[in-house]
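Enquirer: Listed here are the chains, written in short residue letters.
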Amino acid sequence: MDSKNGNLIELRGVTKVYHRDRIEVPVLQGIDLAIREGEFVALMGPSGSGKSTLLNLIGGIDTPTSGEVRVAGESLGTLKSSRLASWRARHIGFIFQLYNLIPVLTAYQNVELPLLLTRLSSADRKKRVTFALGLVGLEGREKHFPRQLSGGEEQRVAIARAIVADPTLLVADEPTGDLDAKNAAEILLLLQRLNRELQKTILMVTHDPHAAERAQRTLHLDKGVLQP
Amino acid sequence: MKFFRLILANLMRSKRRTFLTTFSIAIALFLFCTLRTVITSFEASLRASEATRLVVRHGASLVFPLPLSYEDRLARVPGVTGVTYGNWFGGVYQDPKNQFAQFAMDVPTMFDLFPDTVLPEDQKKAFLAERTSCIVGRALAKKFGWKIGDAVPILGTIYPGDWRFVIRGIYEGRTKDVDENTLFFHWDYLNESLPQGRKDYVGIYWLRIASPSMAAAVSERVDDMFRNSSQPTKTETEKAFQAGFISMIGNIQLLLTILGSAIVFAIMLVTINTMMMAARERTTEIAVLKTLGFSDGLILRLVGGEALLVSLVGGVLGCGLAALIFHEMDFTGGGFFPNFRVLPETILAGLLLAVLMGVLSGVAPAVSAARLRIANALRKVA
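Line by line, the protein sequences are chains H and S.
Quick note: the first sequence, position 138, residue 1000 per my numbering, numbers continuous.
Quick note: the second sequence, position 201, residue 204 per my numbering, numbers continuous.
Chain S extracted, bound-state conformation (with noise of 0.2 Å):
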């Protein structure tokens, strides 16, 4: 502890040089926990998809709906124990800023279908009598203070119109995973709104399944059953649907884990030179402490330190900072991302790179410092 003065006095050397190289740190860590946490909320909505429910959409793609007639048709394939529907809204709430999911869904079906998504029996009720109301995820309802009762006005964009839903109520997801950012609302109140030759089209269809293991097999069936028909399906599980939908925008992943790994290591190299700059600057001093008889173990240390401490600083604030930004604006992506959040183990993975960042750019100037030749750095020769 005696020396952390030592460590910390060599750091205030030069403010703006100790700054600027724990600030780009920081933001290198921020970013670190910015696309780690993509990914992990992707992760997050794999993980809250069921494995005994399927997802039934257009066979060409997400965009075309599918008649509301093939409802009972597929009601009635063995091994499906349940149906619902819905489409996805995709409007505006005030500003294009507050973008949030909202789906208008078939309600009398959907929480047989979501067990998942938990709403107190009254506001079921009272969501379920009342053709123009909505339920919110109690993060959305928190995101901008809406209580029972209160009326959403949105603007549609794919279902252009002024709408207006009141909140009957709040739902909580059974587990951390499960979405608390999306709103709900009646898909007949959409339905009855549209032009006629709109009507009657369901985005998506869910199916319950009896067993995991019949996915396959009541898949193929659904599928075989519309395969002629001008509106073909294609069924998959939830979970697949996720992955392919995070597929669209490509190896999401893969990209994500290039661009982090560059950052980090392009600002490594950044501080590994500032750092070597910083020890080259006191060759003299190094040599002096020597002389002193410190030793070169502790010089070796002194100066290591100083990189560790900066990057753990560095580290502290990107990761801390990436937690209480995405905490405290609620970010979804626009409902892309409804579990954006740092977790835990994200900001510990950006402390021990921190560490590592610390440890890898301290390690040259360290270790030159800790051979400095005194009489050579003293550079006197009588």
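Extracted from the complex, chain H is given alone in its bound form (with noise of 0.2 Å):
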């Protein structure tokens, strides 16, 4: 967290351009935001209105045009690659529309992913495992692949995935938006727990109106342009 002011993220002037053949397309033009530690923040616009590359910005997985990306307290810009992976391990939990889970890996180990990359030793790591998937209520279902699960048991996983390693921030695009509206409004309420109950930062990015109103602010993009 950015000590000076309690903003957990800024960005400044932020554009982000990209090049198709030799044709430049602006996605993001001068981008100012902050949130703070501890929100829950909704980001909606149409297709195209940039609202992933925003998300890849704030995540560390893309680099801006111009202007300064600032997560964590750390700038973003000024990071190497291998900083920047590590960066995104101690600081990020993704969360993605189709899941994105490894389906040879059973439930236990992709959630046990983030871990690989510390230090803990296979018990601790068991231990946090197991406790991220009681947390999204998949006790008893380690042993199993992603085929033999449901979408929004999937998308669980992949949520316990994204908490194990106790991130900073959790970014999430459109987490909801491959599921039926019953498991979406699972899925939205587990959220909603992760940011009251253990003050995580989420920054969502949806289509849905009903899942924005479970964020408690609501950021809207259009054509690369945050609005008033």
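Hints are computed from structural coordinates only; laboratory data are not their basis.
There's no promise every hint is true.
Calculated pairs, DMTMM-like style, for lysine to aspartate or glutamate (alpha carbon to alpha carbon, straight line, at most 20 Å) [claimed, not checked]:
1. S:Lys-242 to S:Glu-223
2. S:Lys-146 to S:Glu-331
3. S:Lys-100 to S:Glu-53
4. H:Lys-942 to S:Asp-299
5. S:Lys-150 to S:Glu-124
6. S:Lys-5 to H:Asp-1084
7. S:Lys-5 to H:Glu-1015
8. S:Lys-179 to S:Glu-241
Pairwise CB distance ranges, derived in the manner of DEER restraints [to be verified]:
9. H:Glu-899 to S:Phe-268: 35 to 43 Å
10. H:Glu-899 to S:Phe-26: 54 to 62 Å
11. H:Gly-892 to S:Leu-355: 57 to 65 Å
12. H:Leu-960 to S:Val-370: 57 to 65 Å
13. H:Arg-1009 to S:Gln-256: 38 to 46 Å
14. H:Leu-982 to S:Leu-272: 25 to 33 Å
15. S:Phe-26 to H:Arg-981: 32 to 40 Å
16. H:Ser-984 to S:Gly-300: 17 to 25 Å
17. H:Glu-930 to S:Arg-374: 24 to 32 Å
18. S:Phe-26 to H:Leu-960: 30 to 38 Å
19. H:Gly-892 to S:Arg-376: 17 to 25 Å
20. S:Phe-7 to H:Glu-899: 19 to 27 Å
21. S:Leu-272 to H:Ser-984: 35 to 43 Å
Just so you know, even glycine gets a beta-carbon here, dropped at the ideal spot from N, CA and C.
Two chains, each in its own frame: build the complex with the hints.
Expert: Right under this line is the structure:
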């Protein structure tokens, strides 16, 4: 967290331009944004508005064309690839729309993945994985492979994977986009619990206004510009 | 070690593909070990050649014999300290598959010329005393379960007929390079059984000379002595004779090296392609791992490790199978390769080749996985 003003995320004058063939495609234009620690923020906007790009910049998996992205006290543009990777491991938990679990690993092994990058012993990793799977209500499903789980369960495993290393920030890219209404509601409830009970800062991209209602604050992005 | 499970899980993703890739590497390295062993067995037979032994054969070709009457004249050549002779018999034991070398030798003189063929004194006496007896190498006796006193029936091919020899001794080589897969029997027994026109002819004479430095002079003297006879000779060192015998089938070493390299290279290209396909199919997963904090270096090691593991397992299987099969079969190639053993250095070379294949086939997919840009790989621009 930035010790000066309590903001976990700060973006100043961030632009992002993609190049397709020789054509420049501006995706984000002059984004200024501040999110405080412990907030649950929803990011809405039409397709192609730059929501996921903004999420990727904040999650440290993409770099801005210009401007500064500062997250958890670190200016991401100054970090080299290897340091950025360990920064992500320490600070960011990702939740994807399509879960993105590794199909050849069990639920337990998928959740354990971020912990393999730590110095934790096997026993300590087991404790943490068991705790995370319990938190998302998947006790007893440790040995199941993703193909043996429902969509909602897969997303729970993905959430357990995102929180198991106790990251500073959870970034969720349309986490309910591939789920039916019942499962979507359960996942949103889970995210709310993580925010309220574990004080996790959450930034969630969504198309769904009902999903956005669960957040404390909603940002609107249109044509790469944050709407007032 | 904690990442080994991840490597293994990825390899087990497509069991059939992993099995086929491993199997093809195993086949390539099996062939490499086999071809390499052909070369090393030739080299072993050259090493077993004595520098103080000369071989005298017919000047035109090995297939033409020399008269027995040459023996005395050869023994009188200055520098010659011993003479023995023998004929390649070329018979079949029970089945044409059971091929091994058989030589009819002048038994009273053979041990003097071949001191590396070690036989206990009592067995030597028994062999000398019985004209229908034979001695066999330790490896040959083990292969067929023979023991002293057993009768060995041989169907003659060059010398037609049903031959029967009683084993009176089992010899051992003084060094590991000495062939232990040959049957020796009495030349006299062979000679007396032949029709008049074929009697008293010898396939090869071996001469012992006082010093290796005399080889050229003695060879020249012998060949000069018979130059104008109806059966001229060709005399050379045993090593040169063995090398010439091998070269009769062409530059075998070069041929085998090219063949082995071509096989390994072709399989390596297939493996590179397979590994690249396997990594390409997992683009999103690799991007997800990087998202979780796996560094480029770790991804490089994980993807490269898969190729290395497949190659190593293939290498161990291929080299291990070659060593096991040729050991169990006691393969001698019909007597052509009496020392056909896959040497530890051949296995080591095979395993190093497997590692090299693993590294080379893993480099391209590993580097491209490490360089993968997460945002592009996740293919999402909202």
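Enquirer: Looking only at beta-carbon atoms, does the pair Phe-26 (chain S), Leu-960 (chain H) fall within the given range of 30 to 38 Å?
Expert: 35 Å, holds
Enquirer: Do the Cβ positions of Leu-960 (chain H) and Val-370 (chain S) conform to the proposed distance bound of 57 to 65 Å?
Expert: Because 27 Å falls outside the window, the suggested range is violated.
Enquirer: In this structure, is the beta-carbon distance linking Leu-982 (chain H) and Leu-272 (chain S) contained in 25 to 33 Å?
Expert: Taking Cβ atoms as reference, Leu-982 (chain H) and Leu-272 (chain S) lie about 42 Å apart, which means the hint is violated.
Enquirer: Could you see if the CB distance from Glu-930 (chain H) to Arg-374 (chain S) stays within 24 to 32 Å?
Expert: 26 Å, holds
Enquirer: I want to verify a distance hint. Is the separation of the beta carbons of Glu-899 (chain H) and Phe-26 (chain S) within 54 to 62 Å?
Expert: 55 Å, holds
Enquirer: For the pair supplied as a hint, Lys-5 (chain S) and Asp-1084 (chain H), is the alpha-carbon distance within the 20 Å limit?
Expert: 45 Å, violated
Enquirer: Just to be sure I understand the hint, the distance between the Cβ atoms of Arg-1009 (chain H) and Gln-256 (chain S) should be within 38 to 46 Å; is that true here?
Expert: Violated, since Arg-1009 (chain H) and Gln-256 (chain S) (Cβ atoms, about 54 Å apart) do not stay within the stated range.
Enquirer: For the pair Phe-7 (chain S) and Glu-899 (chain H), does the Cβ-Cβ distance stay inside 19 to 27 Å?
Expert: Distance hint for Phe-7 (chain S), Glu-899 (chain H) is violated at roughly 38 Å.
Enquirer: Falls inside 17 to 25 Å, the C-beta gap from Ser-984 (chain H) to Gly-300 (chain S)?
Expert: 23 Å, holds
Enquirer: Can the restraint linking Lys-146 (chain S) and Glu-331 (chain S) be considered satisfied, given a maximum Cα separation of 20 Å?
Expert: 9 Å, holds
Enquirer: Tell me if the straight-line CA distance from Lys-5 (chain S) to Glu-1015 (chain H) falls inside 20 Å.
Expert: With a Cα-Cα distance of about 26 Å, the restraint between Lys-5 (chain S) and Glu-1015 (chain H) is violated, given a limit of 20 Å.
Enquirer: Is the straight-line distance between the alpha-carbon of Lys-150 (chain S) and that of Glu-124 (chain S) 20 Å or less?
Expert: 17 Å, holds
When the structure is compared with the earlier hints, violations turn up for hints 3, 6, 7, 9, 12, 13, 14, 20 and for no others.
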